[in-house]
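Residue numbers (the numbering used here), protein chains in the order written: chain A, 1 to 223; chain B, 1 to 219.
By construction, these hints were calculated from the structure, which means they are not laboratory data.
Keep in mind it's a predicted model, so treat the numbers as computed, not measured.
Every residue, glycine too, gets a C-beta built ideally from N, C-alpha and C.
Some clues are possibly wrong.
[What the hints assert, rightly or not] Derived pair list, reagent style BS3-like, types lysine-lysine, alpha-carbon separation capped at 27 Å:
(1) A/K78 / B/K164
(2) A/K78 / B/K171
(3) A/K78 / A/K145
(4) B/K217 / A/K78
(5) B/K164 / B/K141
(6) B/K16 / B/K3
(7) B/K72 / B/K16
(8) A/K8 / A/K145
(9) A/K65 / A/K145
(10) B/K16 / A/K78
(11) B/K141 / A/K78
(12) B/K66 / B/K89
(13) A/K145 / B/K16
(14) B/K16 / B/K217
(15) B/K217 / B/K160
(16) B/K89 / B/K16
(17) B/K3 / A/K78
(18) B/K72 / B/K160
(19) B/K89 / B/K72
(20) B/K141 / B/K160
(21) B/K66 / B/K16
(22) B/K133 / A/K145
(23) B/K89 / B/K164
(24) B/K141 / B/K3
(25) B/K185 / B/K3
(26) A/K145 / A/K215
(27) B/K66 / B/K91
(28) B/K171 / A/K65
(29) B/K217 / B/K171
(30) B/K133 / A/K78
[Claimed, not checked] Listed below are several chain A residues computed to face chain B (Cβ distance under 8 Å; list not exhaustive):
(31) M57
(32) M138
(33) T142
(34) D146
(35) P169
[Said to hold, decoys possible] Covered stretches of chain A (chain B as the covering partner; in silico rule of three or more C-beta atoms under 8 Å from a C-beta of chain B):
(36) 3–11
(37) 40–51
(38) 202–210
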Amino acid sequence: MSTQTSTKPLGRDDLARLVARDIAPGSFVNLGIGQPTLVSNYLTEEQNITLHTENGMLGMGPEAKGEEIDGDLINAGKIPVTELPGASYFHHADSFAIMRGGHLDICVLGAFQVSATGDLANWHTGAPDAIPAVGGAMDLATGAKDVFVMMTLLTRDGVSKLVDTCSYPLTGVGCVTRVYTDKAVFLIAPDGVSVRETFGCTFEELQELVPVPLKAAGAVVGL
Amino acid sequence: MLKFIDTVGEAVAGIKDGSTVMIGGFGNAGQPFELIDALLDSGATDLTVVNNNAGQGDQGLALLIKEGRVRKMICSFPRQSDSWHFDAKYKAGEIELELVPQGNLAERIRAAGAGIGGFFTPTGYGTMLAEGKHTRLLDGKWQVFETPIHADVALIKALKADGKGNLVYRKTARNFGPIMAAAAKHTIVQVSEIVPTGALDPENVVTPGIYVNSIVKVA
């Protein structure tokens, strides 16, 4: 298929580079804890991206090192960070109004599962002995104009995390618009899931792995 | 009536058993450790505590939980790599947990301070955290009815206060301070510095002194 753009599956850093490249210049972006944080390593100055952190800051800079470390300046993962020129601070209700109010262009999140209709499960395994902790996951999933997910396509047991219906407890309903995985980039729209590109597999091989009907981007089902 | 108090012990002396106490801070940033330690020393118990987390390591809120003073936590993210005291109490069934999405937590606190009786928000719709809650389709989005969180007392940390109780904060340590100050009946603030009235630029005041009851300087 013409959707194959790489002969190998993408590593975490390659995937982060791809997400970074897809973020439109001038965007306001929130990068979730974990793998999505890697995206910041590949944003360029020319892109002029402003990073939001939900504990109350726009204009977040890179992780603080050595003498830069300041306990009053941390990100949502509680990691010391730096501030860039033009940064601003605000309280928590304002910070989440920025999300809920639809002012953020993109948030990038990790996931346990994403459904064919864009439902997201990323906060709780549902195990009876697990202590639930949600943080800002539901607010992020609901508020941003676009929600990008970064994840491996398969679990360690080889099961697709792109599913017909999520079996894990939901974080948000119909919120995910794009899924970046090591094997393909999926676009989720009201008319179904299409594949923008594949990495190290053909479209047909990908369809074998995923229990959701896929369309090649710009093509019709079955091609 | 605004009071400037000499010690953290005197500042928290009026907190009664069974109170709902908001504690500022996100992680350790903005957490009023000295006021929490004083609350621990005061012996007040059967508390409902509102905080983003449920204590880290062996300090602050974590110790209050360890000592069994907290009956209920209202928070968004209790489980962390070093939340062992909360984890133990929760698994033993010795602490109640009301888990709230972080933005709903913030807005419910804000609503209390602003006199709002409740609000509809899309956050959490269709999830287990909205189970049993009233929902409506508004502006084309399903939304969940959330109610305000009021408190008897707020313990917060700011950088500076002036003689009128106006506050400024420092960087991301601001977090819940301004909204908790407004939501509680009695707000106790620990500051690094008390400056003369007039020394803060009114354009830069973040929390107006009307929300503040007690100020204690902590070195």
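Against the structure, the hints:
{"no.": "1", "hint": "A/K78 / B/K164", "result": "33 Å, violated"}
{"no.": "2", "hint": "A/K78 / B/K171", "result": "13 Å, holds"}
{"no.": "3", "hint": "A/K78 / A/K145", "result": "25 Å, holds"}
{"no.": "4", "hint": "B/K217 / A/K78", "result": "26 Å, holds"}
{"no.": "5", "hint": "B/K164 / B/K141", "result": "43 Å, violated"}
{"no.": "6", "hint": "B/K16 / B/K3", "result": "19 Å, holds"}
{"no.": "7", "hint": "B/K72 / B/K16", "result": "15 Å, holds"}
{"no.": "8", "hint": "A/K8 / A/K145", "result": "31 Å, violated"}
{"no.": "9", "hint": "A/K65 / A/K145", "result": "32 Å, violated"}
{"no.": "10", "hint": "B/K16 / A/K78", "result": "32 Å, violated"}
{"no.": "11", "hint": "B/K141 / A/K78", "result": "32 Å, violated"}
{"no.": "12", "hint": "B/K66 / B/K89", "result": "8 Å, holds"}
{"no.": "13", "hint": "A/K145 / B/K16", "result": "45 Å, violated"}
{"no.": "14", "hint": "B/K16 / B/K217", "result": "23 Å, holds"}
{"no.": "15", "hint": "B/K217 / B/K160", "result": "9 Å, holds"}
{"no.": "16", "hint": "B/K89 / B/K16", "result": "22 Å, holds"}
{"no.": "17", "hint": "B/K3 / A/K78", "result": "33 Å, violated"}
{"no.": "18", "hint": "B/K72 / B/K160", "result": "31 Å, violated"}
{"no.": "19", "hint": "B/K89 / B/K72", "result": "11 Å, holds"}
{"no.": "20", "hint": "B/K141 / B/K160", "result": "42 Å, violated"}
{"no.": "21", "hint": "B/K66 / B/K16", "result": "19 Å, holds"}
{"no.": "22", "hint": "B/K133 / A/K145", "result": "25 Å, holds"}
{"no.": "23", "hint": "B/K89 / B/K164", "result": "41 Å, violated"}
{"no.": "24", "hint": "B/K141 / B/K3", "result": "46 Å, violated"}
{"no.": "25", "hint": "B/K185 / B/K3", "result": "15 Å, holds"}
{"no.": "26", "hint": "A/K145 / A/K215", "result": "23 Å, holds"}
{"no.": "27", "hint": "B/K66 / B/K91", "result": "13 Å, holds"}
{"no.": "28", "hint": "B/K171 / A/K65", "result": "17 Å, holds"}
{"no.": "29", "hint": "B/K217 / B/K171", "result": "19 Å, holds"}
{"no.": "30", "hint": "B/K133 / A/K78", "result": "31 Å, violated"}
{"no.": "31", "hint": "M57", "result": "6 Å, holds"}
{"no.": "32", "hint": "M138", "result": "4 Å, holds"}
{"no.": "33", "hint": "T142", "result": "5 Å, holds"}
{"no.": "34", "hint": "D146", "result": "16 Å, violated"}
{"no.": "35", "hint": "P169", "result": "5 Å, holds"}
{"no.": "36", "hint": "3–11", "result": "violated (count 0)"}
{"no.": "37", "hint": "40–51", "result": "violated (count 0)"}
{"no.": "38", "hint": "202–210", "result": "violated (count 0)"}
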